[in-house]
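Q: Heads up: the protein sequence lines correspond to chains A and B, in order. Counting the first sequence from 1 gives a position; the numbering used here is that position plus 70. Counting the second sequence from 1 gives a position; the numbering used here is that position plus 70.
Hint data in this document are derived by calculation from the structure and do not stem from the laboratory. Take the hints with a grain of salt, since some may be wrong.
Just so you know, same-sequence chains aren't split out, so a pair can sit in one copy or run between any two.
Derived EDC-like pairs (lysine to aspartate or glutamate); straight-line CA-CA distance at most 16 Å [what the hints assert, rightly or not]: (1) Lys256 x Asp318; (2) Lys363 x Asp269; (3) Lys198 x Glu434; (4) Lys133 x Asp167; (5) Lys173 x Asp454; (6) Lys256 x Asp460; (7) Lys133 x Asp166; (8) Lys119 x Glu434; (9) Lys136 x Asp269; (10) Lys224 x Asp166; (11) Lys198 x Asp167; (12) Lys224 x Asp160; (13) Lys224 x Asp460; (14) Lys444 x Glu306; (15) Lys363 x Asp318; (16) Lys363 x Asp321; (17) Lys444 x Asp280; (18) Lys256 x Asp321; (19) Lys198 x Asp391; (20) Lys412 x Glu310.
All values derive from a computational prediction rather than experimental measurement.
Number of protein chains: 2
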Amino acid sequence: MPKEMSRRTLIELSVAGAAALAGAEAKALDRPTLPGDQKIGFAVVGLGKLAQGQIIPGLRKAKSAKLVAVVSGHPDKARRIAAAEGLPADAVYSYDDYDRIAKDPRIQVVYIVLPNSMHADYTIRALKAGKHVLCEKPMATSVAECQAMIDAAKAANRKLMIAYRCHYEPKNLAAMRKMRSGALGKPRLFVTDMGRQADVSDPSDAWRVDKSLAGSGALGDMGIYGISASRYILNEEPVEVRAWANTDPADPRFKTVDDLIAWQFRFPSGAICNGSTSFNYNATMSYELWGEKARLRADPGAFYGGNRYEMVNGGAFTSIDIAEVDQFAREMDWMADVVRGKAPMVSPGEEGMQDMRLISAILESAAKGGTPVKTDWGYRRAVDPAAVVDIVA
Amino acid sequence: MPKEMSRRTLIELSVAGAAALAGAEAKALDRPTLPGDQKIGFAVVGLGKLAQGQIIPGLRKAKSAKLVAVVSGHPDKARRIAAAEGLPADAVYSYDDYDRIAKDPRIQVVYIVLPNSMHADYTIRALKAGKHVLCEKPMATSVAECQAMIDAAKAANRKLMIAYRCHYEPKNLAAMRKMRSGALGKPRLFVTDMGRQADVSDPSDAWRVDKSLAGSGALGDMGIYGISASRYILNEEPVEVRAWANTDPADPRFKTVDDLIAWQFRFPSGAICNGSTSFNYNATMSYELWGEKARLRADPGAFYGGNRYEMVNGGAFTSIDIAEVDQFAREMDWMADVVRGKAPMVSPGEEGMQDMRLISAILESAAKGGTPVKTDWGYRRAVDPAAVVDIVA
């Protein structure tokens, strides 16, 4: 397989799917943990809760990726974390000297874990510095920013991957394959919900209810999981969306963003999605698919602390048992393998932009009191994760 | 408590709620199984699957109700069932001699279990014959029919109750009380889904996909459970509805009714309901409520073969364990006690008409491609089942 895969190759890979990869080539891609000096070096930008609690621990367990630098606006915190991870003093960057990463050959990938409003700027600067980028979702705060990020990656001839960890998670992949195999029948209804009580006294949460920093409220922060899941499970794109929002005017947390949004997607197959998200109820992300033949329930469906997948028949629930993995390690290993030309790009910038467009369409419909908005912009996924992930990984 | 309770009394009862009934009065209403000659006599009209499989067996277990007559268009089947239940030959009626029930003092209540399009006619004739009526849901096929049924009950000074068994079912009641107690916090989102594959080769299913007999498709047949549940759990009425329908044109079952309908309700509290129903997916009725404080999952939520209710906290599920009852016996006992003046009317014709109005509004919105439809007609539940059922029963 060539080191840099063209779009054409990716499409062929997708079409050929599992069959093409199940043979000798897949075996050749199978590999053990790399020695430290051959791992791809990651700089983590933004040292909030997710970076400290999940991403840096994930890098410790990764097979092909390793932490080589940190970037933070808090020098004390950055130095403390760097020391704990065994990084030298010159592997600590501030936002002021961020562009110096261009001269740091240890860094091959920059992982953007900043508030959403900073994603575009820091991504584009990393690409200009010659680095590949893994960017947290939502990709940015507007479609225009997403396009600028995609353009910058093309101009720099660097990879831009969006951190959709569920595209690489074993139970989500099993659900995708059940759908693709026909075991569920034609899809009829997809239901998904996710929320949590925003705690504005916690600095790592406060920016999430500030539209200028987050772009949207719960929708970009959590709703995006359901938006994405409906698309990767059904393997098709919504053609129409409608939504209602509700915000409690007495709640001081919701001055600039919505409190609750409930949306509906209509898919070309005829399937409908009923989704919701809120910063004012607590619910780990769940989804369910009712096909003509069977029902699948994922609850939790996108939790990194363990998911529960079941096939449901009347009142009887049959568990889908698959070993959990460290989802962050797996995702970063995938990015490392994309950079090394060992794996196809499954969640590129275009994928992030499609969700951003859908988020915009949901907000537009909600602002218009539920008027339907057309959403068929012609986007089609280049690579189906169900066809390649696990085979390559 | 007076034998005939006025509307005013019912409202006072509702307002006073559990407090008023928890004392001496409630105790006075507590009673053992009545001897056979003091039970209220029921005639079952329509001997389909539900009547044979659930309602007649339920009457065998009822404390205050008993089967005294059957009405059917199939004389052989009617005679066979009557004999098996120990009824005399003159307790078998055909549709032709139905009006003769007026002269049968054994019959106090007529239970209508016919195709929906026959509900209004057979209900009104029973009321004119001086009988009380328990009518299956959906109450009828149009709002005008519902109004005519309510008017007929008033004119005849007889009770008209709609067979909403979930208003009397212990786990549903526990969920209502959890909501009323504040344990779930302010309601944010209610999700409910129910469907089954319509089997048109089965005569007891075939009429359900014929609009002239059923009035609507899955919506009246199964969607009504979710419509009703959102209202009795939240204890408020929708003010706006939007819906999308989808029908597979290649499926010969769906010539006159929709295959899938997904709707949204907006409630005065700000809560939103995402609901769906289909004759083209299999799912026992489920519902979930996300409040500001907690999440409740009922899956199944309205099954007569056993329900599963859980409180959900993150990925942890805590079962709400309450002994199952025979839901049909309980509902018919309630009707018997309403007739005897021992229990308030919890699910009157007005309740059935409210669901019929909402069904019409959902169909209207779907026909208009998802345009929102206003639904605040001023209806308010006269008696909250959460406040009285179990205390009286």
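Q: Give a verdict on every hint.
A: Status of each hint after checking the structure:
{"no.": "1", "hint": "Lys256 x Asp318", "in the structure": "between (38 Å within a copy, 10 Å between copies)"}
{"no.": "2", "hint": "Lys363 x Asp269", "in the structure": "between (42 Å within a copy, 13 Å between copies)"}
{"no.": "3", "hint": "Lys198 x Glu434", "in the structure": "neither (33 Å within a copy, 54 Å between copies)"}
{"no.": "4", "hint": "Lys133 x Asp167", "in the structure": "neither (30 Å within a copy, 81 Å between copies)"}
{"no.": "5", "hint": "Lys173 x Asp454", "in the structure": "neither (36 Å within a copy, 71 Å between copies)"}
{"no.": "6", "hint": "Lys256 x Asp460", "in the structure": "neither (25 Å within a copy, 43 Å between copies)"}
{"no.": "7", "hint": "Lys133 x Asp166", "in the structure": "neither (31 Å within a copy, 80 Å between copies)"}
{"no.": "8", "hint": "Lys119 x Glu434", "in the structure": "neither (31 Å within a copy, 48 Å between copies)"}
{"no.": "9", "hint": "Lys136 x Asp269", "in the structure": "neither (32 Å within a copy, 57 Å between copies)"}
{"no.": "10", "hint": "Lys224 x Asp166", "in the structure": "neither (26 Å within a copy, 80 Å between copies)"}
{"no.": "11", "hint": "Lys198 x Asp167", "in the structure": "within (14 Å within a copy, 88 Å between copies)"}
{"no.": "12", "hint": "Lys224 x Asp160", "in the structure": "neither (30 Å within a copy, 87 Å between copies)"}
{"no.": "13", "hint": "Lys224 x Asp460", "in the structure": "neither (28 Å within a copy, 68 Å between copies)"}
{"no.": "14", "hint": "Lys444 x Glu306", "in the structure": "within (15 Å within a copy, 32 Å between copies)"}
{"no.": "15", "hint": "Lys363 x Asp318", "in the structure": "between (40 Å within a copy, 15 Å between copies)"}
{"no.": "16", "hint": "Lys363 x Asp321", "in the structure": "between (44 Å within a copy, 14 Å between copies)"}
{"no.": "17", "hint": "Lys444 x Asp280", "in the structure": "neither (28 Å within a copy, 32 Å between copies)"}
{"no.": "18", "hint": "Lys256 x Asp321", "in the structure": "between (42 Å within a copy, 12 Å between copies)"}
{"no.": "19", "hint": "Lys198 x Asp391", "in the structure": "neither (44 Å within a copy, 60 Å between copies)"}
{"no.": "20", "hint": "Lys412 x Glu310", "in the structure": "neither (37 Å within a copy, 53 Å between copies)"}
Violated hints, in rising order: 3, 4, 5, 6, 7, 8, 9, 10, 12, 13, 17, 19 and 20; the structure is consistent with all others.
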